[in-house]
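Asker: Work out the full structure, taking the sequences as your base and the hints as a guide.
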Amino acid sequence: QVQLVESGGGLVQAGGSLRLSCAASTNILIFKTMGWYRQAPGKQRELVARITRDGTTNYADSVKGRFTISRDIAKNTVYLQMNSLKSEDTAVYYCNAETYASAYWGQGTQVTVSS
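Under our numbering, the residues of the sequence shown are numbered 1 to 115, in order.
Heads up, a few of these hints could be off.
What follows is a list of derived Cβ distance ranges for each label pair [what the hints assert, rightly or not]:
| hint | residue 1 | residue 2 | range |
| --- | --- | --- | --- |
| 1 | T68 | Q13 | 14 to 24 Å |
| 2 | G15 | Y100 | 39 to 49 Å |
| 3 | S115 | N27 | 15 to 25 Å |
Keep in mind the hints are simulated off the structure, nothing from the lab.
Remember, predicted model here, so these are calculated numbers, not experimental data.
Ideal Cβ positions, reconstructed from N, Cα and C, are used throughout, including at glycine.
Answerer: Here you go:
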């Protein structure tokens, strides 16, 4: 069973930075995509950033230029570097990994940006 464990969330002031980590229990190259989603109170879960097996990345318009997704294949870990954080970035952030057959989710990590 694949496990995804997120870490790195917390409370930060607007304009600050955080780096989220998602450690997988398996070789991350088995996944066609890995990504970060977020869900704010009363809102639907939304894609924040995604990286494909070949390293292609894409971002939600709201985070372009501020967030960067990356990976360390040797550590089976995906990162989300978040800079210039805004209050509207406050949400629970979830790591996601998908094969052609299955989707896996982490437990989520809270990010709170104070204005």
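Asker: Does each hint hold? Answer for all of them.
Answerer: Against the structure, the hints:
1. Our hint of 14 to 24 Å for T68 and Q13 holds, since their Cβ atoms are close to 20 Å apart.
2. Taking 39 to 49 Å as the suggested C-beta distance range, the pair G15 and Y100 conforms, at roughly 40 Å.
3. A beta carbon spacing of about 41 Å between S115 and N27 contradicts the range 15 to 25 Å that was offered as a hint.
Figure legend: structure checked against the earlier numbered hints; the only hint not met is number 3.
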